[in-house]
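2 protein chains.
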Amino acid sequence: MRGLLFSAAICLATSPALSDPLPSWGSTENKSTIISFVESVTDPTSPDYVTPADRIAVFDNDGTLWGEQPVYFQLIYALDRLKTKAEADPSILTSDILRAAAEGDLETVAAGGVEGLLEILAVSHSGMSVDAFQDDVRAWLDEARHPTTDMRYDAMIYQPMLELLSYLRDEGFQTWIVSGGGVHFIRAFAESAYNIPPEQVIGSAGPTEYVDGQVMKLPGIDFVDDKEGKPVGIDSRIGKRPIIAGGNSDGDFAMLEYTTAGDGPRLGILVHHTDAEREFAYDREGHIGVLNRGLDEGPDRGWVIVDMARDWEQVWPE
Amino acid sequence: MRGLLFSAAICLATSPALSDPLPSWGSTENKSTIISFVESVTDPTSPDYVTPADRIAVFDNDGTLWGEQPVYFQLIYALDRLKTKAEADPSILTSDILRAAAEGDLETVAAGGVEGLLEILAVSHSGMSVDAFQDDVRAWLDEARHPTTDMRYDAMIYQPMLELLSYLRDEGFQTWIVSGGGVHFIRAFAESAYNIPPEQVIGSAGPTEYVDGQVMKLPGIDFVDDKEGKPVGIDSRIGKRPIIAGGNSDGDFAMLEYTTAGDGPRLGILVHHTDAEREFAYDREGHIGVLNRGLDEGPDRGWVIVDMARDWEQVWPE
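In order, the protein sequences belong to chains A and B. Under my numbering, the first residue of the first sequence is numbered 905, with each subsequent residue one higher. Under my numbering, the first residue of the second sequence is numbered 905, with each subsequent residue one higher.
FYI, nobody ran anything at the bench for these hints, they're computed from the structure. Relax, there's no trap hidden among the hints.
In this list, chains with the same sequence are indistinguishable; a pair is considered to hold if it fits within one copy or across any two.
For lysine to aspartate or glutamate, the following DMTMM-like pairs were computed, each having C-alpha atoms within a straight-line distance of at most 25 Å:
| id | residue 1 | residue 2 |
| --- | --- | --- |
| 1 | K987 | E1023 |
| 2 | K989 | D1039 |
| 3 | K989 | D1054 |
| 4 | K1144 | D1058 |
| 5 | K1144 | D1035 |
| 6 | K1131 | E1103 |
| 7 | K1144 | E1103 |
| 8 | K1131 | D1200 |
| 9 | K1144 | D1126 |
| 10 | K1144 | E1095 |
| 11 | K1144 | D958 |
| 12 | K987 | D1046 |
| 13 | K1144 | D1040 |
| 14 | K1131 | D1116 |
| 15 | K989 | D1040 |
| 16 | K1144 | D1116 |
| 17 | K1144 | D1039 |
| 18 | K1144 | D1046 |
| 19 | K1144 | E1113 |
| 20 | K1144 | D1167 |
| 21 | K1131 | E1023 |
| 22 | K1131 | D1035 |
Excised from the complex, chain A in its bound form (with noise of 0.2 Å):
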């Protein structure tokens, strides 16, 4: 009996309503405005009261939960790898985009488009089984390192996105990736990382096999989880339509559109790239998280657009 009701003090000393649940965040509206929309609708007495089932959040990857500068961090996996591969055996260096990748020329890479990725990605990421690729991503994680910051890429998470999904999760939400980035390179890192589970991670796919109790990577794209895609990949996976959406760039807006087309309470959040100093800062051009339509269209939405410099006291973790 004395467990039970030292169970239950322990459960009032920690309760979220008593302590800052987001204290990476900077006192100003759109913190507010996120505390307050999670306070409505876990709220049995409010109007917009969700139940636990219907809490679901979803959250792209590159650029809104990790960074994604100078380029997306799998590409850089891609061409670590690729290399590695072109140094045991160069006759696997068939095409000039290949030869440029494994001599990490980005701008010969850039200019091949998809087709020239692909190539990439059906070297360095197919031809082993799923369990394979996903202890490789794991062992390049320890060994790699930022070019600028020289910090582990699964370091460069962002402290204030990892306290939004815990205080979701405290509250009865889902919390689930849906990214452009490959669903098996993700889930490699995002339980350590971000506590979400394998199964909570939608992302872009190859082809895969069952051959004697294996799955198998195949050459190859078989679905594209980024714009039209995404609300696709959250049907398709989820079969439910998320209350809260959060991204960073226009490859996101389908889903923030999907997400807020919704009936009843919705949130729309998108991370504005403002931080030069602390991070990077970019949106309207370039080849990488480009954000326009969302800066036009998102404030008469009513989305959320977190102004890094200003809003965010911590980027990093500790």
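Given the coordinates of chain A, assemble chain B onto it according to the supplied hints.
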């Protein structure tokens, strides 16, 4: 405090360990095997202990959780809807197979193979939003009755399997459906019939398209979640190897093989339809639910072969 004590008392009184978790299962070896397995993987002192995050159980739907005779219930839905639409607009019957289907001529439909089936599904399962489709499935379930039992289709679910699902969830398992049936079709009733939410339903799927805040169903088939497609679907959606898999036909063989090929404790279950009196009896021959390899190899692989007539004291819910 009185409330707290009362709650604690209720918890003890309803503890699964103190009552029979599978009351509709006869006291056979199969029942003991299932319960022993669950007890060993949930006992923290057991060498076979599995953490809750890895307690994934997957189940086929047609013939495993609900009936599948005389034909898949989803096909009956498709033919019913085709007939209704053709009565309103006969010009939609643009081929022999569609005309046969609208007349309920199952022999011609069966002879039309997969291509014929896709024609039928294109008329009955596409050209509307996912939400509208699922409303229609639920309306059909309310009105349609099974040709021989005169029961609602979603009442033809197996009471012993409902108990198994519920028992597993009580013991910290996630219970997933992995079905050759259409994912949108099954999600329309899985929550009310099985307490399985949409995000834990994997099934075959056609293409969809995001348009103006809605996900629309298009004709065609993108993914067939049957045979070797089941491990592929499990990897794609769950991203973990299950530790329990249940099915009833050779379409489930690869899923059980994949599940039981993993390290550590694994349980494969095949429901053998042996009960012509209360349900249906079929196995090695026929057009639906054929079970050959499972009967030949299952016992040597340590899989539980459920003998419906002997192992189940009750088939349908009250």
